[in-house]
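Novice: Chains S and C, in that order, give the protein sequences. Everything in the first sequence is counted per my numbering, starting at 1 for the first residue and increasing by one. Everything in the second sequence is counted per my numbering, starting at 1 for the first residue and increasing by one.
Don't take each hint at face value.
In silico DMTMM-like links for lysine to aspartate or glutamate, alpha-carbon gap of 20 Å or less [what the hints assert, rightly or not]:
#1 S/Lys-99 with C/Asp-72
#2 C/Lys-246 with S/Glu-32
#3 C/Lys-77 with C/Glu-139
#4 C/Lys-246 with S/Glu-58
#5 S/Lys-56 with C/Asp-169
Just the calculated beta-carbon pair ranges, DEER-fashion [what the hints assert, rightly or not]:
#6 S/Ser-77 with C/Leu-20: 38 to 46 Å
#7 C/Phe-208 with S/Ser-73: 47 to 55 Å
#8 C/Val-173 with S/Asp-61: 23 to 31 Å
#9 C/Thr-215 with S/Lys-99: 43 to 51 Å
#10 S/Ser-12 with C/Asn-279: 44 to 52 Å
#11 C/Ala-17 with S/Ser-77: 56 to 64 Å
#12 S/Ser-77 with C/Ala-305: 29 to 37 Å
#13 C/Lys-207 with S/Ser-73: 44 to 52 Å
#14 C/Lys-207 with S/Ala-76: 30 to 38 Å
Here are some chain C residues the structure puts well away from chain S; computed CB gaps all over 10 Å [what the hints assert, rightly or not]:
#15 Thr-4
#16 Ala-8
#17 Val-29
#18 Thr-49
#19 Leu-66
#20 Leu-84
#21 Val-133
#22 Val-173
#23 Val-189
#24 Leu-210
#25 Gln-250
#26 Thr-261
#27 Gly-289
#28 Leu-335
#29 Ala-356
Keep in mind that the hints were calculated from the coordinates and are not lab data. Glycine included, every Cβ here is placed at the ideal spot set by N, Cα and C.
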Amino acid sequence: MWRKILVGHDGSEGAKKALSVAVSLASQFGAELHSISVEEKLPHYAATVGEVLESKQEAADYFRKITAEAQQSARASGVTMHSHVMPGHEVETIVTFAKDHGFDLLVIGFMGHSKIFGRIWGSTSQNLTKLSPCTVLVVK
Amino acid sequence: MELTWEIAAVWIGLALAATLISIRIGVSVALVEIVVGTVGGNLLDLRLTPWINFLAGFGSIMLTFLAGAEIDLQVMKAKWRETLSIGFASFLMPFLGAGAFAYWVAGWSVEASQIAGIALSTTSVAVVYAVMVERGYNETEFGQMILAACFITDLGTVLALGFLFADYDWHMVAFGVGTGLALWLLPRVTPWFFSKVGSRISEPETKFLLLVLFTLGGLAQAAKSEAVLPAYLVGMVLAPLFLANKTLAQRMRAIAFTILTPFYFLKAGALVGWGAILNSVGLIGIFLGVKVVAKFVGVWPLTHAFRFGQREGMYLTLLMSTGLTFGTISALYGLSNRYITEEQYAVLVTAVILSAVVPTLIAERWFDPGSRPGEEILTRRRSDR
């Protein structure tokens, strides 16, 4: 049923649950599995380029670690996972990546924000569900 | 008796609070420190002692040195025509425009108008760089050219700050000769010295660089110039060494961001009176508008001359309208040397802070060229290095 699955992975508990479901779906349907992690915490309005560089390095180290863990967990289930780490806004980057690479399923973890935040801005999972070009599975 | 440790605890407490807020909201610690500094200055009666002034001044020297050391000279050489013309126009037009507005319309003195022109002529390389990285443009020719042009603009700013208010006597000759010699010798002597002493816990490399910065700063001060000028130039000539020696760059950043720049940015904020801001809201808005319009006059036509697309041209011009570190350094220099009043300082620093935020938001929201390179291209470019 699914040929190409993309899972959003930021290392959170929700993302780990989403990863586990995505791995089992990829294994069940023999689908190609990709993970995407978005570096969006660069400091805005920095004083020196170095401040941005070091934040980027910290983010890269963090994503390298969680990506290695995710790949190991996929391998343990006999699935090969291709991982991508990209800078940018989370929703915009994942939607564009899913569109550009023709995924037919996007698996994401549920991220709870406060009620006020959710009402005003919509949560990341809500926005991804709304804007994604393919079917979205939100794992709780 | 001065309560040194009590004062130090208050300042470092504010620096820690600013750091925690910046981590929470994802905004640069520098900007948050300025804002926290205004709270401290207006509500807590933050005291400025000679040693705080020293640490703040040291912080501004380190900031300009690190800014100079981040220049990629290769890109500047490869695209020198575009880089030089856009960077120079981006400095000159706001310098003249804001200076003229301050003098003829706002009725400021000649010196105060010059400070206004310098403070609003800047472009924040770091603000631009963060946007570039997030959008992936820092890997493109377009993005690298913008960054190189920003360095030229800041060079114009430090040159103006260093020479406009200087005394032209034998002190200036000594400063000129000393700086010239240092700039000529440092690219040869520094790698040799570093290879001789090696990287040690006693930090001979850092101490050597600080000796150079303080000596040239002393010569600059004697000539009534500004210590940030030689710091930026020394950073520039040592940039290839810093690009190759990431550990040294990291150590110097750690020193600067732990105990020096917090004092600088907190002080810059603490001197901004809320009353002065409230009394001059209109003037602040106009100064911001003058800066952005002048950047458009200088930069936008050149983007057409160099055949940038419509959106790319607008995006580039708006990003070149940002400013933060060099703007506050210029305003603080003006206040410390009594070229501007506290009210004028509050107006300039607020306009500078707004210029870090407003043009970036407009550029990202409405004029993003949307030509972000694909991940495969980025990966290939990274592996080519």
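Novice: Quick one: work out the minimum CB distance from C/Ala-356 to chain S and report holds if it exceeds 10 Å, violated otherwise.
Specialist: Given a closest Cβ separation of 5 Å, the condition is violated.
Novice: Minimum Cβ separation between C/Leu-335 and chain S greater than 10 Å?
Specialist: 19 Å, holds
Novice: For C/Val-173, is the shortest CB-to-CB distance to chain S above 10 Å, so the non-interface label stands?
Specialist: 32 Å, holds
Novice: Against the 20 Å threshold, does the CA-CA distance of C/Lys-246 and S/Glu-32 hold or violate the hint?
Specialist: Answer violated: C/Lys-246 to S/Glu-32 is near 38 Å, above 20 Å.
Novice: Quick check on a hinted range of 43 to 51 Å for C/Thr-215 and S/Lys-99, using CB atoms only.
Specialist: Violated - the Cβ-Cβ distance for C/Thr-215 and S/Lys-99, about 57 Å, lies outside 43 to 51 Å.
Novice: Looking at C/Val-29 again, its CB stays over 10 Å from all of chain S?
Specialist: 7 Å, violated
Novice: Take a look at whether the Cβ-Cβ distance between S/Ser-77 and C/Leu-20 falls inside 38 to 46 Å.
Specialist: 40 Å, holds
Novice: Taking the Cβ atom of S/Ser-12 and the Cβ atom of C/Asn-279, is their distance within the range 44 to 52 Å?
Specialist: Cβ of S/Ser-12 to Cβ of C/Asn-279: about 47 Å, so the range 44 to 52 Å holds.
Novice: For the pair supplied as a hint, S/Lys-56 and C/Asp-169, confirm whether the alpha-carbon distance does not exceed 20 Å.
Specialist: 46 Å, violated
Novice: Can you confirm whether the C-alpha distance between C/Lys-77 and C/Glu-139 stays at or below 20 Å?
Specialist: 17 Å, holds
Novice: Please confirm whether C/Thr-49 is truly not at the interface, meaning its C-beta sits more than 10 Å away from all C-beta atoms of chain S.
Specialist: 23 Å, holds
Novice: Could you let me know if the closest chain S CB is still more than 10 Å away from the CB of C/Val-189?
Specialist: 24 Å, holds
Hints 1, 2, 5, 8, 9, 11, 12, 14, 17, 19, 21, 25, 26, 29 from the earlier list are contradicted by this structure; the remaining hints agree with it.
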